[in-house]
Amino acid sequence: MTAAQRRWLFLAGAAGFAAFYLWGLTGLPGFGNYPGPYGDIINRIAVAQTNATGVVSAVNFEYRGFDTVGEEYILFIAVIGVSTVLRQLRGEREREARDEAVGRRVPPTSDAVRLLSLVLIGPTLVMGWFLASHAQTSPSGGFQGGVVLATSFILLYLAGEFLLFERVSPIDITDAVEAVGAGGFAAIGITAVGLGLAYLTNFLPLGSTPGAVSSSGTIALISFFVGLEVGAAFVLIVSELLEQTLLLRHRS
Amino acid sequence: MQVFPFIVVAWVLAVGLYGIVTSRHLIHQIVCLIVVQSSTYVLLLGIGYRRGAVAPYFSDIPVHTPAVDPVVQALALTDVVVEAAVTALLLSFAIQAHKRFGTLDPHELVQLKG
Amino acid sequence: MDQLLPLATVVPLLVAAGISALNRFLRPRRRILDAIGIATAVAVTVMLIVIMTRAAHGDSVYWFAGFRPSHGIAIGIDFAAGPLSAGLACLAAVLVSAAMIFSWRYFEQVATYYHALMLTFLAGMVGYCLTGDIFDLFVWFELMGVSAYALTAYRPEERGPLQGALNFAITNSVGAYFMLSGIALMYGRTGALNMAQIGRYIARHGPDRLVLVAFVLIISGLLIKGAIVPFHFWLADAHAVAPTPVCVLFSGVMVELGLYGIARVYWSVFGYGLGHRQTVTSAFLALGMLTAIVGALFCFRERHLKRLLAFSTISHAGMFLTGIAVLTPLGLAGAAVYVAGHALLKAALFLGTGIVLHRLGSVNETWLHGRGRQLRVTGAIFTLAALGLADLPPFATYLGKGWIESAAATRGFPWVTAVFIISSVLVGAAVLRVAGGVFYGLGDPPSESPQLAAESSEETSETEAAKQRTPLSMIVPAAVLVVAGIVIALLPDLGPVLQASAVRFQDQAAYNATVLSGAHISHPGAPFPPENTGVKAADLASGFGSAAGALLLAFLALYWQRLPVLRRGFEPGTGLVQPIRRFQSGIVNDYVAWIVFGLACVGGALAFAIR
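Read top to bottom, the protein sequences are chains A, B and C. Under our numbering, the first residue of the first sequence carries the number 1, and numbering increases by one thereafter. Under our numbering, the first residue of the second sequence carries the number 253, and numbering increases by one thereafter. Under our numbering, the first residue of the third sequence carries the number 367, and numbering increases by one thereafter.
Hints were generated in silico from the structure; no laboratory data involved. Incorrect hints may have been included.
[What the hints assert, rightly or not] Restricting the straight-line Cα-Cα distance to at most 16 Å, the calculated cross-link-like pairs of lysine to aspartate or glutamate (EDC-like) are: (1) B:K351 / C:E474; (2) B:K351 / C:E523; (3) B:K351 / A:E243; (4) B:K351 / A:E92.
All values derive from a computational prediction rather than experimental measurement.
Isolated chain A, as found in the complex:
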């Protein structure tokens, strides 16, 4: 098909599809009129049932925890896919991660970027940790915290210290941490099965104060593992991309 034919085919289809989709969308209760009942029921009972005041995290890690296991494994397998596809192939060699031209002056990274990145590493790390461990209290959780944790590692690279970034996050260890995070979540569910309960039942003590850091049983623990996994996953993605770009060369 030529590009013009394709465009006409698509526009014909899209016109019909858009009309069809809009026709259906107008059948929804209007924007702002959520009818329930799923969300309303959960809002009413979540705090009492799980001692978590962050209801979204309660939904993610308790009521619909099994979905989250699946989603987490999608992340896990996507990163394994990245590692598989960006691996060193026959016919390529990996350069050593060392300074190739010691005598030559490196074009300097902007001082502002360097300073800001280095200064932000600490606070970002703490922020990520805070987010991952407060799933049950505030708008935070393993997914958000993990991404921020990964950012703190990537700031190292941004500050111009690629070699340090490589040394701090070696691919083997990051891989293992990610696997522990993914497996840990699934294993918490299995522990419930081992105790004779349904998979992923909240079997840890719920604590006394709703929303305290040590409350909500398995929700906090699961959030920790998810934070580990997501953080390791994104560090691994960036490591692989950087290795592919900077280190792998065609065998000449």
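With the hints as your guide, set chains B and C onto chain A.
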């Protein structure tokens, strides 16, 4: 106003698909795929919204305050993070495709056809 | 509650995470890694056999995290496994076991990634079959998809796998987003994500435009996965380049899962509320028949072994959709047994192709002509499986075809038999032509164009060393699968048992009661009555007829240059197929344009009929 966000959903979906169909650059095509998925986020979050309600976090407000739907927020949250990783997978395909084919034009990335 | 249900999904996930965590330790110890993989797949198979037998008298329902429904409202996620669902998951596990055994020792290994990917793929397939929650269905659909994309691009040093993986990923992701949009729309109306709960709501309130649009969106995602025309273009690209054990899974089970999803979503959620059964049957029957013919024509013209088998999968997918489309228990039972038989035989064919690739280093039919003579056992397996694909009795495929044809005739579509025979003849002839030419050196090598030579010569070997004898780990699974394809058809009471399972699958009221109230329904009733499943003369005639036709056409294809009647200087059928080959352009932009166009057509047709 009642239906406007859903018109946006249909528009974003259509624009993303148009981008994929007329694209001449693989990275652009993959980003258009992200745009298509964004329409589903707007749809999910738009469905769960309730006028005059607060966010479903009850650490400083009484439990029976009307709040928006937490379920769609949870679904959208995990979807966003997972999509980033799947996009990384597609981009890694693009990197290797560039090395093998020498180009990122979808019209040239053809080894098998017919 | 049966604790085996979550274990069947979670055990492979845990093992996949475990072997990734122990990456450094396991990487040099190939045999331990292979053994772990095979053991996990076999364990899951056994678990699913137990689940299947336990579900025979009523769906097994499992509520996660202990949240049971109250007053007909579900707040947790459930697994609801009937015998058909568990059976399909079991088939997936059997094929994964066979694939893992096939890749013992010789398959090119990349750290622990291959095993982790395969086990996660298995977990996704099992979860998808067993779940009773529509968003959970989407999650496992995505997990299956992402593992499949990564497995397709397993050998990024070649160009084909990258094209295949990209086309696969972009088209199936678009499908997944359509499906998510449909799920969101249903959630917006009903405020529920549980299939039984949504189904009950729709049955009570009847169809309206929102329900119809949601249905079409969800179905289109599944049609893309199920490779139905015009959503099918990605399959040939992906199958031709994926590693052999992965192709086994793609053709044997992954495509069929898309079609299972259509049946599940229709019968557990939309069927009763949507009504207009004649319209629904006509629409999906049309799609199925079109797919069967188009797939068969492309299959016959192909010279690349894996791509040939991929097109035959497309053709069979059309036939399975027909079985589902007639909406009777006999049709569904026919589709089920046809899926099982096809999976086993197609897997054997792909394993045979893998052996050819291992020993001879090529999948180009023209180049391979006569070179497979020393692969005698493989040749026998390949020929038997080819005959099975042409629906020769007593293979399970003949049973499935016969039942679907009877069901279609009862519903008023007797010409379905003719279309099935034509498709089976074309597909069977193509595979028999390969068997006869490659393994027995019969006739002349088929013609070849330069482009085909370039594309199939690029497929280099995916295994290492040891090419003097075919290893037992490769031959035994292939042989066992072919034999299983016959044994299944000979199981006693197969017909009545399968049809009873189909009736249970189609009784939405019983499903709702079992899931939401824990009721035990001993006599489910489907909207259409069950029919006779005994061996009929018409079925036997159809089966022998298509096998004979396939043999004749294969003979013609191999010897046409020597027969005075046909020797006119060009291969028969060229003019027929040439114009449609241009559609399979290999460019993903085209594929997505067709998807949108197809979706508009299906949606528009249903919207006019069901207002």
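Status of each hint after checking the structure:
no., hint, result
1, B:K351 / C:E474, "violated, 22 Å"
2, B:K351 / C:E523, "holds, 9 Å"
3, B:K351 / A:E243, "holds, 15 Å"
4, B:K351 / A:E92, "holds, 12 Å"
Against the hints set out earlier in the document, a violation occurs for number 1 only.
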